[in-house]
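From first to last, the protein sequence lines are chains W and F. Position 72 of the first sequence, counting from 1, maps to 72 under the numbering used here, and the rest follow consecutively. Position 135 of the second sequence, counting from 1, maps to 135 under the numbering used here, and the rest follow consecutively.
None of these hints come from the bench; they were simulated from the model. For every residue, glycine included, the Cβ atom is placed at its ideal position computed from N, Cα and C. Hints may be right or wrong, so weigh each one.
[Unchecked claim] Listed below are several chain F residues computed to face chain W (Cβ distance under 7 Å; list not exhaustive):
no. : residue
1   : F84
2   : E121
3   : Y125
4   : S157
[What the hints assert, rightly or not] When the alpha-carbon atoms are kept at most 30 Å apart in a straight line, the in silico BS3-like pairs for lysine-lysine are as follows:
no. : chain 1 : residue 1 : chain 2 : residue 2
5   : F       : K74       : W       : K121
6   : F       : K524      : F       : K498
7   : F       : K74       : W       : K361
8   : W       : K40       : F       : K371
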Amino acid sequence: MSPVIPIQLDGGCSNAPVLRERGQREVFCGLTGIIWLHRKMQDAFFLVVGSRTCAHLIQSAAGVMIFAEPRFATAILDERDLAGLADAQDELDRVVQRLLERRPDIRMLFLVGSCPSEVIKLDLSRAASRLNQRFMPQVRVLNYSGSGIETTFTQGEDACLAALVPVLPVQPPQAEPELLIVGALADVVEDQFSRLFQAMGLKRYAFFPARHASALPAVGPQTRYLLAQPFLGDTAKALESRGARRVASPFPLGAEGSAAWMHAAGAAMGVSAAAVELAIAPARQRAQAALAAHRPTLVGKRIFFFPDSQLELPLARFLARELGMALSEVGTPYLHRQHLAEELAWLPAGTQLSEGQDVEKQLDRCRAARPDVVVCGLGLANPLEAEGFTTKWSIELVFTPIQGFEQAGDLAGLFTRPLTRRQLLAA
Amino acid sequence: MQLTLWTYEGPPHVGAMRIATAMREVHYVLHAPQGDTYADLLFTMIERRAERPPVTYTTFQARDLGGDTAQLFKDAAREAYARFKPQALLVGASCTAELIQDDPGGLTQALNLPIPVIPLELPAYQRKENWGAAETLYQLVRTLAVKPTQARVKGESKPRCNLLGPTALGFRHRDDVREIRQLLEQIGVEINVVAPLDATPADLARLADADFNVVLYPEVAHQAASWLHRNLRQPATTTIPIGAVATREFIREVAALAGLDPDLAAAQAQSRSPWYSRSVDANYLTGKRVFVFGDASHAIAAARVAAIELGFKVVGLGSYSREFAREVREAATQYGIEALISDDYLEVEAAIAAAGPELVLGTQMERHIAKRLGLPCAVISAPVHVQDFPARYSPQMGFEGANVLFDTWVHPLMMGLEEHLIGMFRGDFEFHEDAAPSHLGGPARAAQPAVAPALIELPVPLETDTGKQEAPAATILAAWAPDAEKELRKIPFFVRGKARRNTEAYALSKSVPVITIETLYDAKAHFSR
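Please put together the full structure from these sequences, using the hints given.
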């Protein structure tokens, strides 16, 4: 915890009631994470074992971005696989063989489980270990599930990273403490954080996931891990099972969140608060100046979050505390109380929190609340705009670099733009 | 198991959604896991629909699988009925729910809802999106169309038809309907029902009140139209009115079915594309090599327009619609080529690269392929992109559709006069074939300076039986002398490739080590005999 920003864990929304709902959930499944994970891990390939729906989902969610040849694909199950006419494991071997022949540049292959593969209980871990025997050391084969029955949107990244943890190298004994930043960040953000760590004299740090399969960070009892994303519950558990210890902190969104996060990093690694402060001061001032420009547009405006990425609580905290927005409802697909303890404490008391979803009922509440901005998925945005609401696509908050000081202004801009636009356009 | 990078079609339940979303007063309850709601964004983002698709998903999760997913479905269906009060309810399963075999049809029957319930069996591991759309329309029609007690009396009023096939997320369906509607009305045919676009279940009930059906998109409406033919004795049109020629044929076919003698001249008053194509500026279009790929109907129609209305040479024709493979193969034989029936994006890319077209007419997938190969491209078919829902009126069908085709296919090419100028001023520093078409922007690039002479390989002379002949060391490389290369560039680019190949072949046959200007003209003389 940051030594300079005291956090009252019993304050804010720490003990606030949460509306839990079950019904239609208008959310992506974990397969969607492949879209940013394959950009982050530059020599990894993601092979979904699933249906035509899975293939269609990824291509639709990616906005039909077609790369020369993408580093993801779907092995589509057909009736022969289901009827047992073909041994699905043999079929998978054949597909992987063909794939790796085509792409000799691939160093890591993820077999990604889907709803159909989970329901027919296709054992992808068995497939992965068999394929590993065949293709190691050229290619390491891992598996995780991105199925909608088990994962919601960003949980796909959690499942992927959790699958990677067991293969991280072992830290040498008597190693010095090392800081591990956990969660996929845009390269530009990672580089900014690196510069700040170096400026504060923090030398032993690594990022997870790494950009290349050959650069996997070591992990062990000397690892202090700091989450950069709020949706990594399983990854955290896996790291702890290898002896790593979590550094609690708010998430690095906004000037305040980024400062607290940097202080948490410094404190965990024995850097003095003064050294941290000195290192981050210029960037923090730039962030504050950038936010000041957006504040007049957002102050007092009411915002409603539909559940999407689990980033909702940190985002709401940032908008409420640094930009003066009023929180009408903050929905999240899943609320990890421990990882979000600092965020909950910082949320204004009395904020309506909800977990899970019954989309029709939530739409009713949204219409009744008449917020000034609605944060929602792509399926809801245009229909709500047509009803007269101003919306912000939540997926942009996941695909855009928003973490850290230099992005604080951009993050605020994502919320001011739809409001400004509505004003600009003649009624 | 099939390795797939990109898909041309979604799963069959997305086809069902295209029907449900096109219609009014219909609701679709889909047994599906969390995540399948992604399909909503196809309609709200790509098509920019202002309403959510009328679909309720059960969005079950792993913890529900141990419990009662059937109850989850029943609750979802009951609540959807109570909230949306549709005139008819479609129920079905997506790929994952198909595996857990909850029988959405039976479960919904048990609810005793006071509206027709139409169960959809869409085998997700065998079929695809267009098949799902066709099956859904067919099931709706056969359930809802009311068979009249008395046969409709012809001739009592104006002839009437139904317009079948337009869906949500269809390629220009909205505009095609407007164009064909006004065309039919102009020749004196009334429209009874347009379905599924904007139709209600009550509208489907009165499908019988028409003399015949106009099938705009066979991929979607062929099955329903055949049922109507068999059961209500309504014949259906078979001509797809894409292109001016096909539109005239379509009018004749409709006139025969309606018993009319239409004024063709009046109907085609707004048709400009045939004249544009005859105008001298369009001369340069002659023999342009074009590769066509799309759904079967659009691909077949586009190839025909390209060949007989624009004078292009069709060098490739293919479709991802396996259901209509026979028709596509038949069409391809007219152009002396073999049809490509595939939904493998990489295979399509390889075929385009091999055919070496000057223009690609395809889907959004081919647009990307063409971009990568540096070829001009126009989109003629789904799968669709947000760009395929233009704000302006832009049909593909009818005479205005033919005008649109002329513009959108010709626009990406070099303009006529411009191409002639390049031919006339060949070798000019500004008018050269590497310059982008002037109307497509970008600063004029200077011609690339002649690069290092290209080397060609001469074969090792065959060993004679004596083995005594002194073979040259491995291969002889014939180079283009810089001045010959420069001279080659003065030849108009559209025959330059041929000139280069001929010269090189000539050099090979004569074992000439360096191609000079002399060799170039020797070869020209040799081949012009």
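Status of each hint after checking the structure:
The interface hint given for F84(F) is broken, as the beta carbon of that residue sits about 9 Å from the closest beta carbon of chain W, more than 7 Å. With its C-beta approaching chain W no nearer than about 14 Å, E121(F) sits outside the 7 Å limit, and its interface hint is violated. The closest approach between the C-beta of Y125(F) and any C-beta of chain W is roughly 5 Å, which is under the 7 Å cut-off, so the hint is satisfied. With its C-beta approaching chain W no nearer than about 39 Å, S157(F) sits outside the 7 Å limit, and its interface hint is violated.
Note on K74(F) and K121(W): the hinted pairing holds, with a Cα-Cα distance of about 26 Å set against a maximum of 30 Å. As the CA atoms of K524(F) and K498(F) are separated by approximately 11 Å, the hinted pair is consistent with the 30 Å bound. Taking the CA atoms of K74(F) and K361(W), the gap is about 18 Å. The hint holds against a cut of 30 Å. Our distance criterion of 30 Å between C-alpha atoms is met by K40(W) and K371(F), whose separation comes to about 25 Å.
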